[in-house]
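*Asks:* So you can see what is in the structure, the chains are spelled out below.
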Amino acid sequence: VARSAPEETVTSSFASFIHAVRPEHLSKIVRHRSKRMILDSIGVGLVGSTTHVFDIALKYCLELYSSVAVSNVYGKPGVKLSPTLAAFTNGVATHSMDFDDTWHPATHPSGAVLPALLAASQMLPPNSKPNGLDFLLAFNVGLEVQGRLMHFSTEAHNIPKRFHPPSVVGTMGSAAATAKLLSLSMTQCTHALGIAASLAGAPMANAATQAKPLHIGNATRLGFEAALLAARGMEANPFILDDISGCSGFSAFYSIYQPRSLSTPSEHHEFLLEKQDIAFKRFPAHLGMHWVVDAALSVRNLFVNYAGSFSPSLIRTIVLKIPVSKYINRPFPNSEHEARHSFQFNACTALLDGEVGLSSFTESSIHRQELRELLHKVVVEHPEDNVANFDKMYGEVAVLLKSGDVLTGKCDTFYGHWRKPLSRESLLKKFRSNASHVLPEEKVETIITMVDNLENLSDSSHLACSL
Amino acid sequence: MILDTLGVGLLGTNTEVCQKVKQYSKIYSSDISSTIWGHLDFRLPPLYAAFVNGVAVHSMDFDDTWHPATHPSGAVLPAVMALSEAFPQKKKMSGLDLLLAFNVGIEVQGRLLRFSSEARNIPKRFHPPTVVGTMGSAAACAKLLALNQMECKNTLAIAASYAGAPLANAATQTKPLHIGNAAKHGLEAACLASQGLQGNNQILDMESGIGAFYTDYNPQILPTLQSYPWLLDQQDVAIKRFPAHLGTHWVADAASSVRRKLVENSDDLLLLDTIEKVIVKVPEVKYVNRPSPNSEHEARHSFQFVACSTLLDGRMSVQSFASENIHRPALQELLCKTQLEHPSDNKPSFESLYCEVTVVLRDGNTISDRCNTFYGHWRKPLTNGDLEKKFQSNASEVLPAEAIEGVIETVYNLEKVEDCSVLNMFLSGQSARLLPEKLHFEHSNS
Chain A
1 VARSAPEETV TSSFASFIHA VRPEHLSKIV RHRSKRMILD SIGVGLVGST THVFDIALKY
61 CLELYSSVAV SNVYGKPGVK LSPTLAAFTN GVATHSMDFD DTWHPATHPS GAVLPALLAA
121 SQMLPPNSKP NGLDFLLAFN VGLEVQGRLM HFSTEAHNIP KRFHPPSVVG TMGSAAATAK
181 LLSLSMTQCT HALGIAASLA GAPMANAATQ AKPLHIGNAT RLGFEAALLA ARGMEANPFI
241 LDDISGCSGF SAFYSIYQPR SLSTPSEHHE FLLEKQDIAF KRFPAHLGMH WVVDAALSVR
301 NLFVNYAGSF SPSLIRTIVL KIPVSKYINR PFPNSEHEAR HSFQFNACTA LLDGEVGLSS
361 FTESSIHRQE LRELLHKVVV EHPEDNVANF DKMYGEVAVL LKSGDVLTGK CDTFYGHWRK
421 PLSRESLLKK FRSNASHVLP EEKVETIITM VDNLENLSDS SHLACSL
Chain B
1001 MILDTLGVGL LGTNTEVCQK VKQYSKIYSS DISSTIWGHL DFRLPPLYAA FVNGVAVHSM
1061 DFDDTWHPAT HPSGAVLPAV MALSEAFPQK KKMSGLDLLL AFNVGIEVQG RLLRFSSEAR
1121 NIPKRFHPPT VVGTMGSAAA CAKLLALNQM ECKNTLAIAA SYAGAPLANA ATQTKPLHIG
1181 NAAKHGLEAA CLASQGLQGN NQILDMESGI GAFYTDYNPQ ILPTLQSYPW LLDQQDVAIK
1241 RFPAHLGTHW VADAASSVRR KLVENSDDLL LLDTIEKVIV KVPEVKYVNR PSPNSEHEAR
1301 HSFQFVACST LLDGRMSVQS FASENIHRPA LQELLCKTQL EHPSDNKPSF ESLYCEVTVV
1361 LRDGNTISDR CNTFYGHWRK PLTNGDLEKK FQSNASEVLP AEAIEGVIET VYNLEKVEDC
1421 SVLNMFLSGQ SARLLPEKLH FEHSNS
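Sequence order for the protein chains is A and B. If you're matching positions, the first sequence starts at 1 in my numbering and goes up one per residue. If you're matching positions, the second sequence starts at 1001 in my numbering and goes up one per residue.
Here chain A stands alone, though its shape is the one from the complex (with noise of 0.2 Å):
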């Protein structure tokens, strides 16, 4: 029986954000930090593109697909494919090192939604190119339905169990963007969000291995490919957002779910952006790490200040105070994947060298000796009031030295974590490094200038063709 239009669902209601909303609704907080959000998930993409695992991907699509490659591909300037496939290579890259943003509830919003704009926008005809602003607010339209349908469900609120949450809301954020900027009808909006449904939802057991980059890679691209389906006609469960018994929808992937409509933009939406920010990551592990890293560091200063310099030799026990995760709890990590969700790694190498960067997850980095060897050292405590929980956890370091003191170094907020965000030129360091590994220093400038200047950009497909 279908439901008359005054009568609104949940999911009529997103689709009807989804077509309504305008780039006047961006606030300038917004706009700002999404910005933001663009210029590093570039980045780490681009660094990304140097990864094995992006070998992989981009080797596969090439060797299946050759046809309608209009499509950039990250760090890779001779080479294209067709627009849902590039999504997918370059949202690979994007989560191939685990470097892109992190939200909260959590998940990681920019990869799944970037890499498909990135493609459609080269899609297009050339007299119906989108611009800047029209790009920017489908981005703003991609992480809005990620943030909205995360809050569905108090389970999204802490570190994820089961499924892992860019397969699950990163492909609805990838269909509501992707159909925002085709402008799509409400109707075709409706249906992107039912077919993406079909294709969400991914198991946590993959994370920590070579496949977890598959997960972004795969939201962007088959949100995409929703939309692309809506597009030509496919039609789905008008209701998919809606709670109904005895026939899941959306509602599948969460034992607990309450669903809300969202509000028709009128004269002030407010974007979930502008409440709560994004964390950006300083180096390429899980979120979890960076507390136990910022802890680590300061007890390493504690410890060269002791002893004149850092001696692993008179460490007789560390003790790592982290929440309950499995998934990020590794004392002995063997690959650059285990590594990168290992907060017993994480905190040796801080120790060690006294950073974390892109070079603490080569192999030789990896497996040194000194290393392991720290690693053995190392025993972990769950206190209660360490929540699994992205906004409240903390991390702790105690370091018990053979003589019997004790060095200890706590960190609630990381410099990076929404609560203390990286500074412009922070970010910018970090946009340069990546991006440098693959892209001559002009080409990093433009990038740079662009974005900043996004909404200016009369053809936002210049931005694809940049990379």
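Calculated directly from the structure, the hints in this document are not laboratory data. No experiment lies behind these values; they were computed from the predicted model shown. Check the hints yourself; a few may be wrong.
[To be verified] Here are the simulated distance ranges between beta carbons:
id	chain 1	residue 1	chain 2	residue 2	range
1	A	Asn127	B	Asn1014	32 to 40 Å
2	B	Glu1324	A	Asp243	34 to 42 Å
3	B	Asn1384	A	Ser128	54 to 62 Å
4	A	Thr317	B	Gln1202	23 to 31 Å
5	A	Lys76	B	Glu1324	50 to 58 Å
6	A	Lys420	B	Trp1230	57 to 65 Å
7	B	Asn1014	A	Asp243	30 to 38 Å
8	B	His1327	A	Gly233	15 to 23 Å
9	B	Asp1233	A	Ile256	35 to 43 Å
10	B	Asn1201	A	Gln369	21 to 29 Å
11	A	Ser263	B	Ala1146	49 to 57 Å
12	B	Leu1225	A	Lys420	51 to 59 Å
[Unchecked claim] A few chain B positions that, by computed beta-carbon distances, are all more than 12 Å from chain A:
id	residue
13	Arg1111
14	Gln1226
15	Tyr1354
16	Pro1381
Virtual Cβ for every residue (Gly too), placed ideally from N, Cα, C.
Got chain A sorted already, so can you dock chain B onto it with the hints?
*Replies:* Coordinates of chain B only, in the frame set by chain A:
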């Protein structure tokens, strides 16, 4: 199963949903290409061929169903067939290779379904083909690609990250994509694994792996290969006689015997004025409970629709779901008099459910009948003759007679076929007379 699946797939190529995905997939083309069933005019890259053919197979809900519940063949066959054409230079796949890979794909699905007691009932949360179907396709493709043990593990791990679509898109145009995507994504997982991509090699063991799709999950290791107990040996599939949700097949058989008691001759029209109400006793399955379906997709998922349609026409067919039949006034009138009841002993499981149809007449009489096992169910399988009839009826919508015969003969003799690409050639519409050199197998019967 292979024959039935090919037939429903061929028929399905004409559906609207299939037209849309064909159009969509054409934006991808490449040098390596695979057959689109029923089409000589274009080909697609293997992944999209698997996708499109998979959509075709499930487009009308006409494909096979197993217990525990899933649609096993549609997720596997399109993938292995597309893959078999992907590497023509490197190796020729024999019919036996194809048959074995297909059965690996079926077996893996069955084993996974047995890891959760939830799976024994008609689903509520995730549509099973999207969970186990993706894994089955992945396994089958890994087999056909002759991947090593490590690569097979990674195939499964990668596939898990593609698995799982919510049930809500059942009874919509998107549902067929569930099977299309299962086939395509399983194939993709195998391809990525063969390129060296790695995932979690305990993907089937962990709750946060495939366990994520179930509330109770108890995985078991497989028996050794020595006299391997295939699940298909112990548990057959159900083959549908008309294109609608399996649950409606009990309703059709019960309703048709009620109708036979109501009218003297089968050609007689049912006298609607004499009917007070129609009561249909079925298990509680929300997504098949639709008092007034509006589209073909909804009609295929409606106990009420199938009951009324059968009472009116005597039997269900492909034509029953044509738009003019869905909306005819006589049917609408009868639907208004129809209600469902859910007896507590009627469990929502394809192994144990039953249907009772009761027509209450205005004069007070009631005519009732009950169906415990419909014809086509695994307890009462279709005869070979009827299976072939279904295939011929389906395939004749898109293939010439010689190609139809070619498919039947090839499938029945699959183990002896040297080069399984002959099957794809028939499916694209090419006839036997043109390809005598391809028919390398012993003629045992014809």
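*Asks:* Now, for every hint given, state plainly whether the structure supports it.
*Replies:* Structure-based check of all given hints:
{"no.": "1", "hint": "A:Asn127 - B:Asn1014: 32 to 40 Å", "in the structure": "36 Å, holds"}
{"no.": "2", "hint": "B:Glu1324 - A:Asp243: 34 to 42 Å", "in the structure": "35 Å, holds"}
{"no.": "3", "hint": "B:Asn1384 - A:Ser128: 54 to 62 Å", "in the structure": "57 Å, holds"}
{"no.": "4", "hint": "A:Thr317 - B:Gln1202: 23 to 31 Å", "in the structure": "30 Å, holds"}
{"no.": "5", "hint": "A:Lys76 - B:Glu1324: 50 to 58 Å", "in the structure": "54 Å, holds"}
{"no.": "6", "hint": "A:Lys420 - B:Trp1230: 57 to 65 Å", "in the structure": "59 Å, holds"}
{"no.": "7", "hint": "B:Asn1014 - A:Asp243: 30 to 38 Å", "in the structure": "36 Å, holds"}
{"no.": "8", "hint": "B:His1327 - A:Gly233: 15 to 23 Å", "in the structure": "21 Å, holds"}
{"no.": "9", "hint": "B:Asp1233 - A:Ile256: 35 to 43 Å", "in the structure": "42 Å, holds"}
{"no.": "10", "hint": "B:Asn1201 - A:Gln369: 21 to 29 Å", "in the structure": "27 Å, holds"}
{"no.": "11", "hint": "A:Ser263 - B:Ala1146: 49 to 57 Å", "in the structure": "56 Å, holds"}
{"no.": "12", "hint": "B:Leu1225 - A:Lys420: 51 to 59 Å", "in the structure": "58 Å, holds"}
{"no.": "13", "hint": "Arg1111", "in the structure": "18 Å, holds"}
{"no.": "14", "hint": "Gln1226", "in the structure": "30 Å, holds"}
{"no.": "15", "hint": "Tyr1354", "in the structure": "20 Å, holds"}
{"no.": "16", "hint": "Pro1381", "in the structure": "30 Å, holds"}
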